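Participant: Residue strings, one per chain:
2 protein chains.
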Amino acid sequence: MLSFQELSEQFNKGFDKSHFPSSPATLYEPGEYFLKIGGKRIRPVLCLLGNELFNDLHEDAIHVAGAIELFHNFTLVHDDMMDEASLRRGKATVHTKYDYNTALLVGDVMIIRAYEYLQKIQPSYLPKILQLFNQTAREVCEGQQLDMDYAKMDNVTMDQYIHMITLKTSVLLAASLEMGAIIGGAGENNCKQLYEFGRKIGIAFQIQDDYLDAFGDAAIFGKEAGGDIKQNKKTFLLLHALAVANKDQKEKLEILLESNSEDKVEKVLAIFTACGVKDWAENLKAKYLQEAFEHLEAIAVMSARKKPLIELANYLMNRAQ
Amino acid sequence: MLSFQELSEQFNKGFDKSHFPSSPATLYEPGEYFLKIGGKRIRPVLCLLGNELFNDLHEDAIHVAGAIELFHNFTLVHDDMMDEASLRRGKATVHTKYDYNTALLVGDVMIIRAYEYLQKIQPSYLPKILQLFNQTAREVCEGQQLDMDYAKMDNVTMDQYIHMITLKTSVLLAASLEMGAIIGGAGENNCKQLYEFGRKIGIAFQIQDDYLDAFGDAAIFGKEAGGDIKQNKKTFLLLHALAVANKDQKEKLEILLESNSEDKVEKVLAIFTACGVKDWAENLKAKYLQEAFEHLEAIAVMSARKKPLIELANYLMNRAQ
Numbered sequence: 001m002l003s004f005q006e007l008s009e010q011f012n013k014g015f016d017k018s019h020f021p022s023s024p025a026t027l028y029e030p031g032e033y034f035l036k037i038g039g040k041r042i043r044p045v046l047c048l049l050g051n052e053l054f055n056d057l058h059e060d061a062i063h064v065a066g067a068i069e070l071f072h073n074f075t076l077v078h079d080d081m082m083d084e085a086s087l088r089r090g091k092a093t094v095h096t097k098y099d100y101n102t103a104l105l106v107g108d109v110m111i112i113r114a115y116e117y118l119q120k121i122q123p124s125y126l127p128k129i130l131q132l133f134n135q136t137a138r139e140v141c142e143g144q145q146l147d148m149d150y151a152k153m154d155n156v157t158m159d160q161y162i163h164m165i166t167l168k169t170s171v172l173l174a175a176s177l178e179m180g181a182i183i184g185g186a187g188e189n190n191c192k193q194l195y196e197f198g199r200k201i202g203i204a205f206q207i208q209d210d211y212l213d214a215f216g217d218a219a220i221f222g223k224e225a226g227g228d229i230k231q232n233k234k235t236f237l238l239l240h241a242l243a244v245a246n247k248d249q250k251e252k253l254e255i256l257l258e259s260n261s262e263d264k265v266e267k268v269l270a271i272f273t274a275c276g277v278k279d280w281a282e283n284l285k286a287k288y289l290q291e292a293f294e295h296l297e298a299i300a301v302m303s304a305r306k307k308p309l310i311e312l313a314n315y316l317m318n319r320a321q
Numbered sequence: 001m002l003s004f005q006e007l008s009e010q011f012n013k014g015f016d017k018s019h020f021p022s023s024p025a026t027l028y029e030p031g032e033y034f035l036k037i038g039g040k041r042i043r044p045v046l047c048l049l050g051n052e053l054f055n056d057l058h059e060d061a062i063h064v065a066g067a068i069e070l071f072h073n074f075t076l077v078h079d080d081m082m083d084e085a086s087l088r089r090g091k092a093t094v095h096t097k098y099d100y101n102t103a104l105l106v107g108d109v110m111i112i113r114a115y116e117y118l119q120k121i122q123p124s125y126l127p128k129i130l131q132l133f134n135q136t137a138r139e140v141c142e143g144q145q146l147d148m149d150y151a152k153m154d155n156v157t158m159d160q161y162i163h164m165i166t167l168k169t170s171v172l173l174a175a176s177l178e179m180g181a182i183i184g185g186a187g188e189n190n191c192k193q194l195y196e197f198g199r200k201i202g203i204a205f206q207i208q209d210d211y212l213d214a215f216g217d218a219a220i221f222g223k224e225a226g227g228d229i230k231q232n233k234k235t236f237l238l239l240h241a242l243a244v245a246n247k248d249q250k251e252k253l254e255i256l257l258e259s260n261s262e263d264k265v266e267k268v269l270a271i272f273t274a275c276g277v278k279d280w281a282e283n284l285k286a287k288y289l290q291e292a293f294e295h296l297e298a299i300a301v302m303s304a305r306k307k308p309l310i311e312l313a314n315y316l317m318n319r320a321q
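Residue numbers (my numbering), protein chains in the order written: chain A, 1 to 321; chain B, 1 to 321.
Quick caveat, the hints were computed from the structure, so don't treat them as lab data. Warning: the hint list may mix true and false statements.
In this list, chains with the same sequence are indistinguishable; a pair is considered to hold if it fits within one copy or across any two.
Stated by the list, open to error - Pairs of lysine to any residue residues, derived as SDA-like cross-links and limited to a Cα-Cα distance of at most 20 Å, are as follows:
{"id": "1", "residue 1": "K40", "residue 2": "F15"}
{"id": "2", "residue 1": "K128", "residue 2": "H63"}
{"id": "3", "residue 1": "K120", "residue 2": "N134"}
{"id": "4", "residue 1": "K97", "residue 2": "M82"}
{"id": "5", "residue 1": "K152", "residue 2": "Y100"}
{"id": "6", "residue 1": "K264", "residue 2": "L212"}
{"id": "7", "residue 1": "K128", "residue 2": "Y117"}
Since the structure is predicted, the reported quantities are computational estimates derived from the model, not experimental observations.
Excised from the complex, chain A in its bound form:
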């Protein structure tokens, strides 16, 4: 059985190659550029971990992991266009380095390439994997749409926000684990528990992501600091601050949300801090993490096999980037 770190290295070794033909270079070079930027590649490793929880690593899990990473990069390329983000992982986004039309088409070939990787697996698993992959892919798009919708709405509830980030972030983490488990031969209940583990970890991860976007170090985080605040994104932090702020803080926050002033980020962060958002976020993250571990506990395999998943959860929850 391999550790999280070993599986991660194994995946990266196989994935750091060309993913497209050489021609037309105007289409495929920008695709290779973006894939080479790297990233944490957590989702594909989750797929390998899901396989390994139940069985020795199977080649098909590596194909599915590749498909997941291609799909994830497809969403990043298109999301960056929608969010008008110029940086991703500290490097120029595809539409910034090239142009919008190129980025549009690069995203499109990435998702098609993802399905080409899926097509490599044993036919006996294919229908089940394809079903879960498709459902998840569509949910991720729904999540992105809700994210954009909520940015334009005045009142978004915490429940709506959790629904949105579940779709946008958690379901892919959860499905990555479950697809690996399917290949590992897991039964239905074990698959369900593992999916729920991934879903809850995903929400905890997003709380942390929102936190880092606001309070993280831009140089380490690889994104512009305060990007969410600049775009008036409803995040865990903003929704909580709006809920607990006193009259004066709330008025100030609402004026800041209407503005595009240079010190907007700085002033919003000061109110967040005054509202105790930091501790609150830490506690909420811990709650989801605990629920996640309860689902992991309920999976009927020897506890020694669960070690790499616990390692991964701890790695994710203590990352600074």
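Use these hints to put chain B onto chain A, whose structure you have.
Facilitator: What follows is chain B alone, placed relative to chain A:
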């Protein structure tokens, strides 16, 4: 055995329904809007015809036909963004009626929905169908990229152009037929001949499309007349005109290509006519059509079964829209 017209009606009846869940409406309503505009739906009917050439119509061919139509609409939504086209089939394009971000995401969920339709077919066919679908999907993206690249290049050869339109248009027509044939149980050689029939028909179809874009009636054609000329697209017509024009005509053409004057379309069309482009295009179309029919001839089934495909080819080649 059903005629082309009957298969077309049968497909439309099944396809004219909702293709997405109701929520989030901000994502799925624009998708339904575009699918309801209609269009000729030639590609899915080609899939049914491919099935029927070898066997009674199977439900799986209808699923694959649905996937093909969803994929085709995905390409249209994104191509319209890249081409900055405001009209499609005489109606507002998605990015015009809604906005760019919506259109981007609508295209994305359409291709995912296409794969959800593919996932419904019998597992025994799935790997073969998925392989051909994926390969074709990626080739269509390559074709769109080359189309954009060629618009910026001064010298494009007729061979390069035919390669581009083969990818952008023909391979999907060809693969639609072949996917139907696979479901109909056709052998490898019959599949190949049918694919080549579709590929050649596709080139003939594109010659006609270029022709209609230049000389067609915008009200019937459903697109802005002269759109290709305005965008300096290298079409069959322009490439031939540049090849046969006399010194004076060529100079005038090159000046016109540099300009964005109001009478650009009118003046370019006058040169096309003076260069005999109309007759030339008619003859080239006839040549490809003849080659297509030779491949159809070579398919080892009773000739009576080929009748609907001949009907279809004639319908396509005499259409005014």
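Participant: For each hint, tell me whether it holds in the structure or not.
Facilitator: Structure-based check of each hint:
Within a single copy, K40 and F15 get their C-alpha atoms as close as 12 Å, which meets the 20 Å cut-off; across copies the closest is 41 Å, which misses it. Both within a single protomer and between protomers do K128 and H63 lie at most 20 Å apart by alpha-carbon distance, with minima of 15 Å and 17 Å respectively. Taking identical chains as interchangeable, the C-alpha atoms of K120 and N134 lie at most 20 Å apart whether they share a chain (16 Å) or sit on different chains (12 Å). When the C-alpha separation of K97 and M82 is checked against a cutoff of 20 Å, the pair qualifies both within a copy, at 15 Å, and between copies, at 17 Å.
Taking the closest pair of Cα atoms, K152 and Y100 come within 20 Å of each other only across two copies (16 Å); inside a single copy the shortest separation is 23 Å, beyond that limit. For a Cα distance limit of 20 Å, the shortest separation of K264 from L212 inside one copy, 17 Å, qualifies, whereas the shortest one across copies, 54 Å, does not. In this assembly of identical chains, K128 and Y117 lie within 20 Å of each other by CA distance both inside one copy and across copies; the values are 15 Å within and 14 Å between.
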